[in-house]
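Line by line, the protein sequences give chains A and B.
Take 1 as the starting number for the first sequence in my numbering and just add one per residue.
Take 301 as the starting number for the second sequence in my numbering and just add one per residue.
Because the hints were derived from the structure by calculation, they are not lab data.
Mixed in with the good hints, there may be bad ones.
[Unchecked claim] Within a straight-line C-alpha distance of at most 25 Å, the following computed PhoX-like cross-link-like pairs (lysine-lysine) qualify:
| hint | chain 1 | residue 1 | chain 2 | residue 2 |
| --- | --- | --- | --- | --- |
| 1 | B | K375 | B | K362 |
| 2 | B | K577 | A | K226 |
| 3 | A | K293 | B | K375 |
| 4 | A | K58 | A | K8 |
| 5 | B | K402 | B | K478 |
| 6 | B | K573 | A | K8 |
| 7 | A | K8 | B | K362 |
Source: prediction; values computed, not measured.
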Amino acid sequence: MALAALRKYWPFYVMLLPGVLFYLIFRYFPMYGMVIAFKDFSMMDGILHSPWANPWYKHFETFYQSPYFGELLRNTLLISLYKLVWGTIPPILLALLLNECRIRWLRSIVQTLTYMPHFLSWVIIFGILIALFSQNGGIVNRWIVEAGGSSYPFLTSTHTFRSVLVGSEVWQNLGWGAIIYLAAIAGIDPTLYEAARVDGASRLRMIWHITIPGIRSVIVLLFILKLGHLLDAGFDQIYILYNIQVYPVADILDTWVYRTGLQQLNFSLASAVGLFKSLIGMVLVLFANNVAKRWGEGIW
Amino acid sequence: MVKGLEDRLFNALVYAVLVFCALLAIFPILYVISVSITPFGEVLRNGGFILIPRDVTLTAYKTLLTQSNLPQAFKVTVLITVVGTAINLVLTGLMAYPLSRKNLPGRRLVLLMIVFTLIFSGGLIPTYLIVKSVGLIDSIWAMILPNAIWSFNVLIMKSFFEGLPEELFESARIDGAKEFRILFQIVTPLSIPVIMTIGLFYLVGHWNEFFQAIFYVTDRTLFPLQVIVREILMQSQQPLENADNITPTQTLQMASVMIASLPVLVVYPFIQKYFTKGMLLGSIKG
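Okay, chain B solo, but in the shape it has when bound:
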């Protein structure tokens, strides 16, 4: 009997802490949403705390979508996300497949070349000079090519390919299939899970693109979403008088944060399991 009580207390404690963790994760985001849609007057009247606003206003969003660089930046981000992810996947796959063939002469050398970049890098300045000297500065490609392949992803994909049954390749070769056809028509369809996982990591990487833009791009029309949002966030706060008539800085700031994160937040719950899988693949084999 005592045991049952103890068990229930223990459970209650576990659930309480877990719920607290979940709230800790979600509360800041809910708060950002509510600030972005609440008329500022109401925020002030309530001492600053509103989770479910009584009045909803989308003025901040309208202002941002009509009077700022955000729509242009949104287009840039979508472009580098789509084109970039496609290039990432093709290059990663093309590299991982030969490396999964254990008897390929020179395989170890290429692997060494990849792994070495995980522990040593030329650093920011020399990389900048190279990007500059190949003429990528101020182009969309500066945000795509310098990080076109992530070494970890090559290693993950390689080990996935290594797990495919050898007979598959042999029978295809006996049938006279060329290696490119084997890769694209036999290996690729069987590798959808790993392609999804890796593709999603690349995708989020591009969506959150910030630093390559800061490093290599000065043309404002090429700035991606995150760069513009940070600019909006850096604007200092305006005084809080007359709050009912203007859309205050903070409301605009939070609306810009929502515009930049909404796609990730909406899609995320549906694709979460792929990420989790990828995380484990990476930690075991990487």
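In isolation and in its complexed conformation, chain A is listed as follows:
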């Protein structure tokens, strides 16, 4: 039976082979490699031969009892939540406005320009932030000084750094985030608007009573799915933008794992924290998908 399948379908299996190898080597071996969270890993002995930690939960306990635990968890969740709260409404508003735009060329220019930041890397955005907000040379600070104030270190102050994170993320994704809502708006039955127009409804009322209800399920769905990624506060962005002065408010699980593992070479402890994050992350995603599915349409 299996042999017959193999004979019939072998070209397909040959095609699958490189991809399957990729997944085994770069995705599944690392999952096995997570056992070092329960070992006292040393480079000499490798993953296999390093001795088991005693007790097995040693590294988890170390992390749990360290002062980092609370701080990292708080920073991760707070930054995620701020991004979720501040990042949800603006793209929806932009989509509603684009939908109301009656001048076609204006609409397409606005779309092109607002989608663009999505393709800039965080390094580039870091450069932009320096040009705008750095303490000496940033244009905002020069304005402040000119107006008689004193310059402020927006990028290195614990008071403003989270706002910088949230603001730059909202800026980057304002337009791109609107695409999906625009598609949802395009799916609304046009006869609803016709009927409302006949009844003499104003455009504001149509937005409120037709457009927003029409995309409500998409809004809720995306919100739930984003909740599933609560532990991903944005490693790429934070690693590139942060600095030692703002660690107390910006250090998240991922950045700490990177520094502890790859810079201080404390592989087992870092893996334990990574495993902790992966597991809770998985539970959150599954839970979110489940809720989303019940809401109407799951992602799988």
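Following the hints, position chain B against chain A.
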């Protein structure tokens, strides 16, 4: 009559906010460009705000192109972008095509294997150890192979292939075409839109390559553009005296930002529609 006025006011408000959004998106980039080409003395004289400089100087660019690692990094980035995208597309296509054949035994298992990586991952440290143990550390391949396939892209491509008419495959098979030939000579030409879309996402991903270099590469000659630009950005500001004669740090920094983003900015308007399409494909089927 009142209605018309109300409508016009409403329109004016909509357009005003839209124009504001567009300016919000483009202004920071224009400002970066202007800083990178303005003699610093002029910037200072104008209280720091210049959008269209009177004098233009390309000194910062010349300095970077002759006295920094940027040209080398540029070459590295172009190399990983070209080679990487080619490998991405071949591997993604080879994986997506068999998975689009609904009757293939074992199909569900492979799909499960792909989807599971979307919700669970081994994390940074174990992945680093694997990359190290297969000997990729400090090679160009460390920035290409560990992310050679993006699961979402396989799923997008698979669902595109599933949408192709079944008769196409049957008639080709009756004509005696082998599966590889069907994939490369029949399926591929019909799939140009999805290949473009996915290829562009991979392409931008490689162009913005930063983290795999940070994780797996210590050899400075292999650093891609973004890593070098960040190093330049991390240099602290120099004092602002004597601004007419030197090229100040910030001008250099912004010139490096422009060198790294210019290709994306120039090409982007022409290929934007493919991205938009891809975004929708991904959100519906992903």
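| message | Can you confirm whether the C-alpha distance between K573 (chain B) and K8 (chain A) stays at or below 25 Å? | response | 40 Å, violated
**Asked** K402 (chain B) and K478 (chain B): Cα distance at most 25 Å?
**Response** Holds: K402 (chain B) and K478 (chain B) sit about 18 Å apart, inside 25 Å.
Does the alpha-carbon distance linking K375 (chain B) and K362 (chain B) stay inside the 25 Å limit? Satisfied, since the Cα-Cα distance of roughly 17 Å is no more than 25 Å.
Does K293 (chain A) pair with K375 (chain B) here, judged by a C-alpha cut-off of 25 Å? With Cα atoms ~46 Å apart, K293 (chain A) and K375 (chain B) exceed 25 Å; violated.
### Message
Tell me if the straight-line CA distance from K577 (chain B) to K226 (chain A) falls inside 25 Å.
### Response
21 Å, holds
Please verify whether K8 (chain A) and K362 (chain B) have alpha carbons no more than 25 Å apart. 61 Å, violated
*asked:* Need the status of pair K58 (chain A), K8 (chain A): alpha-carbon distance at most 25 Å?
replied: The hint is violated at about 52 Å.
Of the hints listed earlier, those the structure fails to meet are numbers 3, 4, 6, 7, in rising order.
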